[in-house]
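Number of protein chains: 2
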Amino acid sequence: MQSKNKIKYIRSLGMKKFRDESGCFLAEGNKLVKDILPFFECELLVAKPSWIAQQGDIRAGELIAAEGDDIKKASMMKTPQDVVAVFKQPNYLLDKDELKQNLSLVLDGIQDPGNMGTIIRLADWFGIKNVICSPDTADIFNPKTVQATMGAIARVKVFYARLPELLNDFIDFPVYGTLLEGGNIYEETLTANGLIVLGNESKGISRSVAKYISRKLYIPNYPPGIKTSESLNVAVAAAITCSEFRRRLN
Amino acid sequence: MQSKNKIKYIRSLGMKKFRDESGCFLAEGNKLVKDILPFFECELLVAKPSWIAQQGDIRAGELIAAEGDDIKKASMMKTPQDVVAVFKQPNYLLDKDELKQNLSLVLDGIQDPGNMGTIIRLADWFGIKNVICSPDTADIFNPKTVQATMGAIARVKVFYARLPELLNDFIDFPVYGTLLEGGNIYEETLTANGLIVLGNESKGISRSVAKYISRKLYIPNYPPGIKTSESLNVAVAAAITCSEFRRRLN
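The listed protein sequences correspond, in order, to chains A and B.
Those letters in the first sequence? Residues 1 to 250, by the numbering used here.
Those letters in the second sequence? Residues 1001 to 1250, by the numbering used here.
Source of the hints: derived by calculation from the structure; they are not laboratory data.
For every residue, glycine included, the Cβ atom is placed at its ideal position computed from N, Cα and C.
Treat the hints with care, since some could be wrong.
Reference excerpt, derived from the structure (chain B facing chain A, CB under 8 Å, subset only) [said to hold, decoys possible]:
| id | residue |
| --- | --- |
| 1 | 1072 |
| 2 | 1121 |
| 3 | 1214 |
| 4 | 1240 |
| 5 | 1243 |
| 6 | 1247 |
Assemble the whole structure, with the sequences as input and the hints as a guide.
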């Protein structure tokens, strides 16, 4: 590969500042890039000739055949694969009417990119199309998050918004949250449409958001009343909650 | 703190080789160390005087009051807290009769220490006391795993064993696994006692283990038949599976 500047640019997308400036994000790995190529506009794709040959027509602003060493230099991964690609960030419009006709997730300060990606992946599994995040939630375009979504980033729309203002428009709509004082999730009435709020890994749901939660849920431990861990990992709690909502519709 | 050798020893426990040699493991963080102190034999505890003063009687082979700088040197964490402790690895005996009277997890090559710790934490939540791991599963005493268990390591017994040999003794016992060709988990009969097998993050359940699975389960995506992510994160699949088993007993 000729240009050191290209490598520098790709690597710069590891930082939010440069992602914001360029409006782009980075995705890596043979399967991930292949999976999301049809869904996002690809600005730059750097891959081994063998990977390129395996694909059909690749639509990319710039396509560079490179050797492993160059890909390694551009990569954020411990074990780089055969392709690194720069995509334009999508520009979705938040449609409150759409939210009111579906089940959606609200992330209130999720910090870990791995947790965030895992949650997007499970949202996709359970047909949840919209995820709204507080401004202090991990960046969906952080390379680690993109990686952890395993391609679900192409099917789930992620928005950032100030949550109290947003939730103020959902006063008469079911807003769920898992809280220690909530009702048994296996027994409570769960609606087909609603918002499910998930809180920060250590602090939980913030006070300014908690007051909008109209339906408090609790995942009971087993056997009841025995001392166990004080909480579940947020992606685990999200998984159990989404599964229980979808089981009811099964 | 006087001794550089102490710091060196503590840090060496980041590597499996030295954990095996010493039969010890490392735990860090104000809450984690406090939570597990009553359950494991503490060989060495290094903490700020303020943390020590907040505890009652601390039972440790060696107790060292140290300043933040020394704790930082000994720590594996990005943001070290006030205490680092070395514990003896427990020596549990695998009791097959106990397994036959309970619900237990079997981990077949889980690689990520974070996933492993998250699974131990959720096992604890759902009252699962025994987790049996293939030899190539992440080490429960890896500091990252210990951290991710959030203290559940004190309540869940983790064993390493060759799985085919083990499962050979459970031929007439329900052995569950989540597989793409399995039956709908929400509809299948689930027993109160059994083994739930969880597979490697990318390769799933290995062939030599899969043949012992007598009850195949599938977590249906939603809506049925729509193209979504091809799989769920293993800790997420574990969470949904354990939750569904426990819901039936609720």
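Hint-by-hint comparison with the structure:
1. Using the Cβ-Cβ criterion of 8 Å, the hint placing residue 1072 of chain B at the interface with chain A is not satisfied: the shortest such distance is roughly 21 Å.
2. Because the beta carbon of residue 1121 of chain B sits about 5 Å from the nearest beta carbon in chain A, less than 8 Å, this interface hint is met.
3. Proximity of residue 1214 of chain B to chain A is violated relative to the hint, the smallest CB-CB distance being about 23 Å (cut-off 8 Å).
4. Because the closest C-beta pair between residue 1240 of chain B and chain A is about 4 Å apart, less than 8 Å, the hint holds.
5. Taken as an interface hint, residue 1243 of chain B checks out: its beta carbon lies about 4 Å from the nearest beta carbon of chain A, inside 8 Å.
6. At a threshold of 8 Å, the smallest CB-CB gap from residue 1247 of chain B to chain A is about 5 Å, leaving the interface hint in force.
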